[in-house]
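On the provided structure of chain A, position chain B as indicated by the hints.
In order, the protein sequence lines correspond to chains A and B. Last residue of the first sequence: 313 in our numbering, with the numbers rising by one and none dropped. Last residue of the second sequence: 742 in our numbering, with the numbers rising by one and none dropped.
These are calculated hints, taken from the structure and not from any lab test. No residue lacks a Cβ here, since even glycine has one placed at the ideal position from N, Cα and C. Keep in mind that a hint or two might mislead.
[Stated by the list, open to error] Restricting the straight-line Cα-Cα distance to at most 27 Å, the calculated cross-link-like pairs of lysine-lysine (DSS-like) are:
(1) Lys-667/B <-> Lys-699/B
(2) Lys-143/A <-> Lys-727/B
(3) Lys-297/A <-> Lys-712/B
(4) Lys-268/A <-> Lys-697/B
(5) Lys-592/B <-> Lys-621/B
(6) Lys-296/A <-> Lys-712/B
(7) Lys-592/B <-> Lys-242/A
(8) Lys-230/A <-> Lys-169/A
(9) Lys-169/A <-> Lys-159/A
(10) Lys-697/B <-> Lys-230/A
(11) Lys-667/B <-> Lys-125/A
(12) Lys-727/B <-> Lys-230/A
(13) Lys-230/A <-> Lys-577/B
(14) Lys-621/B <-> Lys-577/B
[Said to hold, decoys possible] So these bits of chain A aren't anywhere near chain B, every CB distance computed over 10 Å:
(15) Thr-43
(16) Ala-76
(17) Lys-143
(18) Glu-158
(19) Arg-172
(20) Pro-184
(21) Ala-204
(22) Val-211
(23) Leu-309
[As the list claims (entries may be wrong)] Pulled a few chain A residues facing chain B out of the computed Cβ check, cut under 8 Å:
(24) Ser-42
(25) Cys-70
(26) Val-153
(27) Leu-226
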Amino acid sequence: MKFVYYPGCSLESTAKEYDLSARAIARVMEVEMLELADWNCCGATSAHSTNRLLGLVLPARNLALAQDSGRDLLVPCSACYSRLKTADYYLRYDEKVRNDMENMLGFNYQGNIKVFSLLEVFTVQEQLEKITRHVTHPLKGLRVACYYGCLLVHPPEVTHFDDPENPSRMDKLMALLGAEPVPWSYKTECCGASQGLVNGKMVRRIVSRLIRKAQEAGARAVVTACPLCQANLEMRREKGGENMPVFYFTELIGFSFGLPDSLKWFKKHLWNPGRLLASLGLVV
Amino acid sequence: MQVITSKRPGGLDFSFAGELKERCRQPVELCYQCQKCTAGCPVGEFAEYRPNQIIRLVQFGLKEKIFSSNFLWLCTNCETCGARCPNGIKIAEVMDALREMAQERGFMPPKNPAFLFHTSFLASVKTFGRVHEASMLMVYKLKSRRIFEDLDTGIKYLLRRKFAIIPRRIKGRRQVRQIFASFRRR
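The shape of chain A in the complex, shown without the other chains (with noise of 0.2 Å):
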């Protein structure tokens, strides 16, 4: 499998753990994620929601890139994610916007590069098979919360990612890595996203609830498959709360690996999730 990798602007910085992991499992598993060359902002949050068409110009950019290689996109960031694939969706069925892009970029749109997330590439069966074949360090005893957010399942009608309400894709692959995944209710609830770091409070009161829920339902770990995500499920919690650590769904799929670079993704968390493994007896 070969695609452009699209690590995004938080994967280089504060959340480098997810683009490590991402890139180690990746080299292991024969899946070829060659990062796009010159790719700029997706614009997330922050242009959309000021000026729609600035915020889907941006992507767009990166759009007519990916056409020029040839490859398919891979995404690991929701956010990133939820642009690119807005405004491919739009560049596909929306013929004055698709004009109006086309002039901005000087680009011509085919369509024939389609946009995944990083959690849905290694969820279909094929990777599911590989994951299974490597797999030497089963996260036994591991109980898990898969957290999948909310950008990777809304608008359903453009990320057709598995069931918008109960997904399972990230609870099959913590199975087959030998975790056990809890049910629970909150799995696409919003984590707050980037009122986290305009709204500290609001956000505080809606991930408190979400790691209670968590605990309530016997994990003893959640694992996200966005950066934002993890950031807010990790920074905004109410003092004196449960220590919960929070993995990316790349980590843990490394560790069981045996990938001794684990170790090292871990220590960069503000709670080190390794420090659970270890208590589990689980060790690379």
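Okay, now just chain B, sitting in the frame of chain A:
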């Protein structure tokens, strides 16, 4: 619950929904207040209006109430509302259009932290082509006078080498700047 009459200041304007529809093309007139959107909204309880109330205000054209509400800027853009609406109204698109209109009509107080965040973020994109998180966050914290908030977290991130100190400038940043400039001309 609030009772709306045509005698209240900022009176009814039934043409507003049409004006909004030209921007976002969402069938807001179909809303029958089932409140599924509000039931799923993560921030509804923290704002002065909830999503279904915003749509009602749109239907009545009570622009001032909408544009000065804090809901517009507390919305996390999770799109749960639109995903669940039985009438297929993508409320997130309505919100984007309302935010655009609010800014055009001067309803964006410059000290609003959401506004400061978005401008700091977009300024970083315009400069480098990508967001340089370290400098963007510093600028945002200074502008919003929240320097000491999250300072401890910032230090932890630095120690864990999670801040790329040197910004990456993309080759296409001139094209990105042209994109921003073309919006100023419109």
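Here's how the hints hold up against the structure:
1. Lys-667/B <-> Lys-699/B: Roughly 8 Å between the alpha carbons, so the hint for Lys-667/B and Lys-699/B holds.
2. Lys-143/A <-> Lys-727/B: At roughly 24 Å apart (the allowed maximum being 27 Å), Lys-727/B and Lys-143/A satisfy the hint.
3. Lys-297/A <-> Lys-712/B: Holds, because 9 Å separates the two Cα atoms, which is no more than 27 Å.
4. Lys-268/A <-> Lys-697/B: Status holds; Cα separation ~22 Å.
5. Lys-592/B <-> Lys-621/B: holds (22 Å)
6. Lys-296/A <-> Lys-712/B: holds (11 Å)
7. Lys-592/B <-> Lys-242/A: holds (22 Å)
8. Lys-230/A <-> Lys-169/A: violated (36 Å)
9. Lys-169/A <-> Lys-159/A: Distance of about 19 Å is within 27 Å: holds.
10. Lys-697/B <-> Lys-230/A: holds (16 Å)
11. Lys-667/B <-> Lys-125/A: violated (35 Å)
12. Lys-727/B <-> Lys-230/A: violated (39 Å)
13. Lys-230/A <-> Lys-577/B: violated (34 Å)
14. Lys-621/B <-> Lys-577/B: Holds - the C-alpha atoms of Lys-577/B and Lys-621/B are around 18 Å apart, at most 27 Å.
15. Thr-43: violated (5 Å)
16. Ala-76: violated (7 Å)
17. Lys-143: holds (21 Å)
18. Glu-158: holds (31 Å)
19. Arg-172: With a cut-off of 10 Å, Arg-172/A remains clear of chain B, as the shortest Cβ separation is near 25 Å.
20. Pro-184: violated (5 Å)
21. Ala-204: For Ala-204/A, whose nearest Cβ neighbour in chain B is about 26 Å away, the distance exceeds 10 Å, so it holds.
22. Val-211: The assertion about Val-211/A holds, with a minimum of 21 Å to chain B.
23. Leu-309: holds (23 Å)
24. Ser-42: Check passed: Cβ of Ser-42/A comes within 4 Å of chain B, closer than 8 Å.
25. Cys-70: holds (4 Å)
26. Val-153: violated (23 Å)
27. Leu-226: holds (6 Å)
In the structure shown, a violation is registered for the earlier hints numbered 8, 11, 12, 13, 15, 16, 20, 26, in ascending order.
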